[in-house]
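First to last, the protein sequences are chains A, B, C and D. The numbering of the first sequence is the numbering used here, which starts it at 723 and goes up by one. The numbering of the second sequence is the numbering used here, which starts it at 81 and goes up by one. The numbering of the third sequence is the numbering used here, which starts it at 11 and goes up by one. The numbering of the fourth sequence is the numbering used here, which starts it at 751 and goes up by one.
Honestly, the hints are just simulated from the structure, not real lab data. Remember, it's a predicted structure, so these values are computed and weren't measured experimentally. Note that the Cβ used here is the ideal one computed from N, Cα and C, for glycine as well. Heads up, some of the hints might be wrong.
[To be verified] Chain C stretches covered by chain B per the calculated footprint, using a threshold of three residues with CB under 8 Å from any CB of chain B: (1) 65–79; (2) 114–125; (3) 285–293.
[What the hints assert, rightly or not] No farther apart than 20 Å at their CA atoms in a straight line, the calculated lysine to any residue pairs in the SDA-like style are these: (4) 965/A with 129/C; (5) 934/A with 176/C; (6) 1123/A with 178/B; (7) 1090/A with 1118/A; (8) 846/A with 246/B; (9) 932/A with 765/A; (10) 975/A with 15/C; (11) 836/D with 931/D; (12) 790/A with 1054/A; (13) 846/A with 128/B; (14) 816/A with 178/B.
[Claimed, not checked] Pulled from the structure, derived: some chain C residues nowhere near chain B, Cβ distances all over 10 Å: (15) 14; (16) 87; (17) 98; (18) 106; (19) 108; (20) 139; (21) 169; (22) 172; (23) 178; (24) 188; (25) 262.
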Amino acid sequence: MAMSFKGYALIGLTGAIGLAASASVPTYAQEKGAIKIGLMLPYKGVYAVPAESIDRGFQIALEEFGNKSNGRPIEIIRADDELTPSVGVQRFNKFVQSDKVALVAGVVGSNVGIALSELADKNKMPMVFVNAFADEITGKFCSPYIARTSFSANGFEYASGKYWASKGVKTAVTMGPDYSAGRAFIGGFKRGFEDNGGKVIEEIWTPFQKTKDYSAALTQAANSGAQIIYAFYAGAEAIQVVKQHADFGLRTKIPFIGDHWVYDEALWPALGDLALNAQHVATHYPSIETEVNQKFVKAYNAKYKQDPDVSAALGYDNGKAIMLTLEKLGGEMPQDRAKFISTMRDLTFDSPRGKIKFNAQNSALLEKVYVVEIVKGPDGKMQRKPLDQFPGAGDLPGCTKSF
Amino acid sequence: MSADVMLTSERRAGAMKPLPLPASRRAYAALLVTIGFGLCALPSFVSGYVMTLAVEVMIAGIFASGINLLTGYTGLVSLGQAMFLGFGGYGIAIGTALLGWPLWISAPVTLVVVAAIAAPIGAICTRTRGVEFLLITLAFSQMFYGAAIKLRWTNGSDGMTGIPRPDLSLLGMSADNPTVFYYYVLVVAVLSLLMLWRIVTSPFGSVLVGIRENERRMMSMGYAVANYKVGSFALAAVICAVAGILQSQYTYFVNPDAMSWQMSGEGVLMVIIGGANVILGPFVGAAVFVVVKQALSMITEEYNLFFGIFFMLVVAFFRGGVLGSISALIGKRQ
Amino acid sequence: MQPFLIQLLNGVQLSMLVFLLAVGLTLIFGLMNILNLAHGAFFTMGAYFGLVVANNTGSFWLALLVGPLLPFAAGFILQFFVLQPLAQRGRSTHLDLALLTFGLLFATAGAVEYIFGSAFHSIVTPDVLMGRVALLGIEYPIYRLFIIAIGIAIAVGLILVIDRTLVGATLRAGVDNREMVTALGINITFLFALVFGFGSALAGFAGVVSAPVMSIYSSMGIGIVVTTFVVVVVGGLGNLKGSFYASLIVGMTDTFAQAYLPEAELFAIYILLIAVMIFRPQGLFGAVGRVA
Amino acid sequence: MSALEIRNLRKAFGGLQVISDLDLKVPSGQRHAVIGPNGAGKTTLFNIITGWQPPTSGEILIQGVPAKQGRPDLVTRGGLSRSFQKNMLLESVTVLENLRVACQAFDASRRSIFQSCRSFTDVVRKARLAAEQMHLDTVLHRKVNELSYGQKRQLEVAIALCAEPKILLMDEPAAGTSPDERTSLIKLINGLSPELTILLVEHDMDVVFAICDIITVLSYGRVLATGTRDQIQSNPQVIQAYLGQRHA
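Here chain A stands alone, though its shape is the one from the complex:
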């Protein structure tokens, strides 16, 4: 009788194991041509506006180096992670396997960042985050192949908590999207605020990317008895929550305090005068007098006919750090890819926001945090006026690996 199906299948299996043993580790082709950089940003979804600005800032940085690294042209391959971890993973695999990029840059959402951190480590693919502020990115999920050119949530928001406590605010209720970056930012604020005498009465969390109508959450916050609402929201979520806060007439009862994401310059057209005389912490504003910043602002204005916003500055830092590292490595991707990240770690360079240094976990530190107020400029356009300045706080511990 013909061998039963099972017999044939067993042969197939043994054949499979045999072939597997002979498979060798795939090597990355070292062709001499262009250096391919995979730029992954959430062009779709609630963070689409900041993503656009980051892309622009990134291009300005590359143009400063003539889009070349000692002779070899730089080729940017873009991918949209749609602020969804599973899509980000798929695009990352395409970068590594199909486009064979030298390194991956970008990634705004910490949710995508966390998902990619393991993949980058396992594929030994250098990953240079532009945002992904959650503390765990360079804490629990730190890796020799991962660097972040922006700052950690604690480094930035701690100063915000300290500022508002120093302004005599005693009680606050916090609001934020329920995902890693949201919790990290609000956590940073709470530490800064409570270390300096403030008290966070209540924390209100709204499902990330799922909440459109904030009336229920805002009503709870308004009636928590706190003096201020401190919130972190960005992109479309920020527009929605600030507008609804005004709709419910809460501007007089309990002010809505945010950071440079809630009152991002890119959102000013949508917010209109709701953003006027809002005081908040920021890591960058166009009128910083340093020479590096004025050069960046002039180049940005020339190409995009408007002042750069915070995200554009972060995109620029991301691009500049990559280009400087490539320059130090003579335009050559090292065989051991971790060397690219370790070279970047030793970099210190002047950025529009100030001096950038990296800590031992490849996370860029904030030299200083500005406190600004949005005022009407002489030409009637809104602009940020500096009020105060704080040193950036350090990163939270959490990385158990050493590299």
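Starting from the known structure of chain A, arrange chains B, C and D on it as the hints suggest.
Here is chains B, C and D on its own, set in the frame of chain A:
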């Protein structure tokens, strides 16, 4: 000639063409083995990207096979199978990352837990039929999706990362190497296919087919139909959970999006594309689905648009699915 | 007391929005027992078409009236030229048609993204609906009161039409016994297509109304369609009054969960749906699922 | 002890009394027919006996054991199997598979998951026997949807027989068959084993008289008369019920 229910695949009443029995069962087995050898040799002559695509196709194929057992063979169309894909992923994540058990303990425990959860849910859902069954399975998966987003223990909407791939150091290989992982998934896929084939050709399987054909008659024959439906629901859940485990190992990561109802819809689509109640149908459907989706996302930003249209055309005019139509062609030629 | 009262109003406002969406689906679902996932697509179409009208004419009221016309046409065409022939040819079972509408839902999200991009839009509310009004010791946005008023008006209007008019009677007869009505010489297929279009127009109308509160974005239809099914099933298939009460229950459950029990926020309404489907399959308010 | 006993069965849909105080005894081995005009309650009676519909009140004893309500599968296990008026077959599988699944219902193998159906040869053997009994052995490997209407009616009965029942309920077995299909069907039914009790619902009096020796006439849910063929034909009430309506 012995009665042969095995590899002749039955069709849903009227709606689809019967797959005629190829010349002899040996020819069919030979066809399967050549595909098997082809898949084994794949990594040595194809680029890394195609290999990862093949991994994604196989994982999607296992997920679709689980759905096929419930939808194709038992005739119960569910929009909630992604719930078990998520349970598989979360089970392995909790087992390995949180509780620190080795994989060979967490995986079986996950499958047992999934079966234990699926049985009562199945008992509730299979009391309804048709559109109500579609809705109640959708409701259950949305319920667990919402719970997963809010559960702090598993990092809420960010999900869990750091899920280890199997430790193959005994065989002197590391599963982090894409080729080795490809073979690992291939072996699991073949075993799942064998298990499903065994179930479908067993007496239990023949009862499921009977339930799809005419549930009232099966009741009159003396079968406690409800128990078989719950059994089919639980077995389908376990197979979907296997796909969930592989998916979370492939990406080292799992999050609530694995349980979204769009994922269940895509699973049912794969079954329909490949041809329901045919053993290989879901894998063919998964291959067509993954390739079309990847190709579309390369060509245009708006792959959702073309993907939706593709979905509608398949459902409206392509009833038999790929294998159904091939058999129709063979049917006409014979 | 104030916060509870505000949350109550928030709950009613959400209920009315969900009702506007669900009532269209109840009619369609009651008539043809097709799981019509495309309803979310018509919600999106109405919102975006309203946006186009509002941007060009600058009038919110015109957007409110003209916006639903596109979903009406789309709904009529879908039923008359696609779903009906496919159902009659007998090759496609109810489940295939449900999956067909699943495809349409995603195709619409993609098409809208293709034309309008993935930014978030909103429709400017007219001055008369801007600002807040003080009542019972609290301040509440006028626009949200407007939504509550519109919801109740539509509910009353529809119940009158269904109960009191000839069209309503034909409709109810069509639901009970389609063959009988066809035998009476009434072109029920055309009437059903009309009702399908009308139900879709209601969904589009809900899209325009919700724009200032929920903003317009490409995947707006995908999330809300599941909530709509919860309302339709809890209310009882094809049961107008039932879907009104059910939308109140679902709206309140969702809002109060968000306010007082955030952990249960995302799955409270599904527990409700499962309980209803097990213990009262014909819905909380339905006789055996017939219109009104 | 009679094979089937129905004690003051009553069934009402809302106000409509479909079956009122019906008593019936069918001794084992008897060929018993139930006839009556449309709406006499025949189908409802059948559905109640086989467990598909709950009675409003009254009791049904199958071989002395009260039938469990709402569980048609347990009724079949209790020894009472039925064939359907409208073909209820597994359309897209072969004739043999229909019979094999029917025979498998009583075999311990029915729950096994990890063995192939073909390895349970005695189930297949029983299925072949059932096929031969109803002259279906020539079309064993044809799909049911390729069979003629007459062959499908034969398969209906064959499936019911697979349960090796003590009582066989047949709901208009010859409905819609051609004359010669009907005669061969009658021959097959008469060829069944004498211990098998048969309860038949039929309109076609030739079929009734060819198969049954005792006939019960139902009218408006009540037993009008029970007796042999001659007694029924000469019973004034029956004549009046059948013919009288036109004159009444």
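We went through each hint and held it up to the structure:
1. With 0 residues having a Cβ less than 8 Å from any Cβ of chain B, the segment 65–79 of chain C misses the three-residue criterion, and the hint is violated.
2. A stretch counts as covered by a chain when three or more of its residues have a beta carbon under 8 Å from one of that chain; for the segment 114–125 of chain C and chain B the count is 10, and the coverage holds.
3. Counting residues of the segment 285–293 of chain C whose C-beta lies closer than 8 Å to any C-beta of chain B gives 3; at least three are required, and the coverage claim holds.
4. Taking the CA atoms of residue 965/A and residue 129/C, the gap is about 17 Å. The hint holds against a cut of 20 Å.
5. Proposed proximity of residue 934/A and residue 176/C is contradicted: the alpha carbons are some 40 Å apart, above 20 Å.
6. Proximity of residue 1123/A to residue 178/B is assessed by CA-CA distance (about 19 Å); at most 20 Å being required, the pair is judged to hold.
7. Distance restraint check for residue 1090/A and residue 1118/A: the Cα-Cα separation of roughly 17 Å lies within the 20 Å cut-off, and the hinted pair is therefore satisfied.
8. At most 20 Å may separate the alpha-carbon atoms for a hinted pair to count; residue 846/A and residue 246/B meet this at roughly 19 Å.
9. Distance hint between residue 932/A and residue 765/A is fulfilled; the C-alpha atoms sit about 18 Å from each other, no more than 20 Å.
10. Among the hinted pairs, residue 975/A with residue 15/C is consistent with the structure: their alpha-carbon atoms are about 17 Å apart, no more than 20 Å.
11. Using a Cα cut-off of 20 Å, the hinted pair residue 836/D and residue 931/D holds, with the two alpha carbons roughly 17 Å apart.
12. Only pairs whose Cα atoms come within 20 Å are accepted, and residue 790/A paired with residue 1054/A is accepted, the gap being roughly 12 Å.
13. At roughly 15 Å between alpha-carbon atoms, residue 846/A and residue 128/B fall within 20 Å of each other, so this suggested pair holds.
14. Taking the CA atoms of residue 816/A and residue 178/B, the gap is about 30 Å. The hint is violated against a cut of 20 Å.
15. At roughly 23 Å, the least C-beta separation between residue 14/C and chain B is larger than 10 Å, which holds for a residue marked as non-interface.
16. With a minimum CB-CB distance of about 13 Å to chain B, residue 87/C clears the 10 Å threshold, and the non-interface call stands.
17. With a closest Cβ-Cβ approach of about 13 Å to chain B, residue 98/C is found to remain outside the 10 Å limit, as its non-interface label requires.
18. Its closest Cβ contact with chain B, about 5 Å, brings residue 106/C to no more than 10 Å, contrary to its assignment away from the interface.
19. Residue-level check failed: residue 108/C sits 6 Å from the nearest beta carbon of chain B, not beyond 10 Å.
20. Every CB of chain B lies more than 10 Å from the CB of residue 139/C, the least distance being 33 Å, so the non-interface label holds.
21. The beta carbon of residue 169/C sits about 25 Å from the closest Cβ of chain B, which is more than 10 Å, so the claim that it is off the interface holds.
22. Consistency note on residue 172/C: stated as away from chain B, and its beta-carbon is indeed over 10 Å from all of that chain's, at 22 Å minimum.
23. The non-interface label for residue 178/C is consistent with chain B: the shortest C-beta to C-beta separation is roughly 25 Å, beyond 10 Å.
24. Distance check on residue 188/C: its Cβ is at least 17 Å (rounded) from any Cβ of chain B, clearing the 10 Å threshold; non-interface status holds.
25. Residue 262/C, annotated as away from the interface, keeps every beta carbon of chain B farther than 10 Å; the closest lies near 17 Å.
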